[in-house]
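In order, the protein sequence lines correspond to chains A and B.
When you line the first sequence up against my numbering, it's residues 9 to 86, in that order.
When you line the second sequence up against my numbering, it's residues 590 to 741, in that order.
No lab work stands behind these hints, which were simulated from the structure alone.
Every value quoted in this text rests on a predicted model; they were computed, and no experiment measured them.
One should not assume that every hint holds.
Here are the computed lysine to any residue pairs in the SDA-like style, where the Cα-Cα straight-line distance is at most 25 angstroms [as the list claims (entries may be wrong)]:
#, chain 1, residue 1, chain 2, residue 2
1, A, Lys85, B, Asp728
2, A, Lys60, B, Gln647
3, B, Lys725, A, Leu28
4, B, Lys688, A, Arg79
5, B, Lys649, A, Gly67
6, B, Lys651, A, Leu11
Covered stretches of chain B, as calculated for chain A (at least 3 residues, CB under 8 angstroms) [unchecked claim]:
#, segment
7, 633–647
8, 650–656
9, 675–688
Just so it is clear, CB atoms sit at the ideal spot from N, CA and C, and this is done for glycine as well.
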Amino acid sequence: MRLEKVLKEGSSLELPKELLKKARLPGRVNIIIKENEIIIKKALKEIAPFEKMAGLGKGIFNEDSVTLQRRLREEWKP
Amino acid sequence: METVKRVGLDTNIFMAVFLDEKERADPSLRILSLISDGALEGVICSVLLIEIATLFYQEKEKQKGINAVELIRGIPNITIVDITSDMVLSIADTKVAEKLSIADATILSSTLELGADVFLTYGSDFAKVKKIRCMKPEDYLKSLSDQIAENA
């Protein structure tokens with residue numbers, strides 16, 4: 009299905025629930041913005057929840073989060 | 590109807606959680622929880638994911654790096670901004686105007702492009718940024734609770 013719609017400035021791009029259902033949404037989507045088009049694609053994989061994040065890197069690093077980030081970004085500086 | 594606030598997130602927010610850092614992990618997780626619940630919208634740049642993976646890969650922890658990236662990508666209500674050629678001028682402008690490194694400017698520009706209200710970071714490099722409010726998660730959480738108290 010292809011839809012054509014005139015959007016005025018300040019309006020939002022809302023899609024009918026029936027269309028979302030047809031596309032098997034909600035779920036994670038990729039939205040690709042180009043100069044003359046917006047492409048919405050369903051992401052391929054559902055992934056684990058964020059609670060599993062806590063402590064994932066414990067015991068691996070010798071520096072704190074801010075120092076680790078700063079060290080990486082210093083590589084971008086001349 | 591009140592609109593959901595959009596927040597940009599820096600790499601150190603996620604690293605604080607991964608390292609389970611004493612002072613930083615809890616407020617960072619609370620922000621991620623608000624995002625996951627739909628009370629906030631998160632914005633991150635794909636460079637952030639590169640940085641996270643790189644840090645784990647440098648320690649020869651490739652699988653944990655993959656897990657870390659996949660976990661971040663799996664958080665609901667986070668938009669990941671890929672850097673495309675239409676963003677180069679705004680990144681350059683941010684880099685020069687705000688006196689940031691290219692990496693800092695790239696990550697901040699992703700937040701600015703999506704019209705976020707605030708950029709959350711523990712990095713002091715963003716302290717003098719003028720284009721957007723930059724603050725620590727705990728300060729932002731406090732400002733949110735102050736707003737709720739004012740509106741009550």
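Going through the hints against the structure:
1. A:Lys85 / B:Asp728: 29 angstroms, violated
2. A:Lys60 / B:Gln647: Holds: lysine 60 of chain A and glutamine 647 of chain B sit about 21 angstroms apart, inside 25 angstroms.
3. B:Lys725 / A:Leu28: 36 angstroms, violated
4. B:Lys688 / A:Arg79: 18 angstroms, holds
5. B:Lys649 / A:Gly67: Roughly 13 angstroms between the alpha carbons, so the hint for lysine 649 of chain B and glycine 67 of chain A holds.
6. B:Lys651 / A:Leu11: The given pair, whose Cα atoms are some 43 angstroms apart, is violated under the 25 angstroms limit.
7. 633–647: holds (count 4)
8. 650–656: holds (count 3)
9. 675–688: Contact hint for the segment 675–688 of chain B vs chain A: violated, 1 residues under 8 angstroms.
Comparing the model with each numbered hint stated earlier shows that hints 1, 3, 6 and 9 do not hold.
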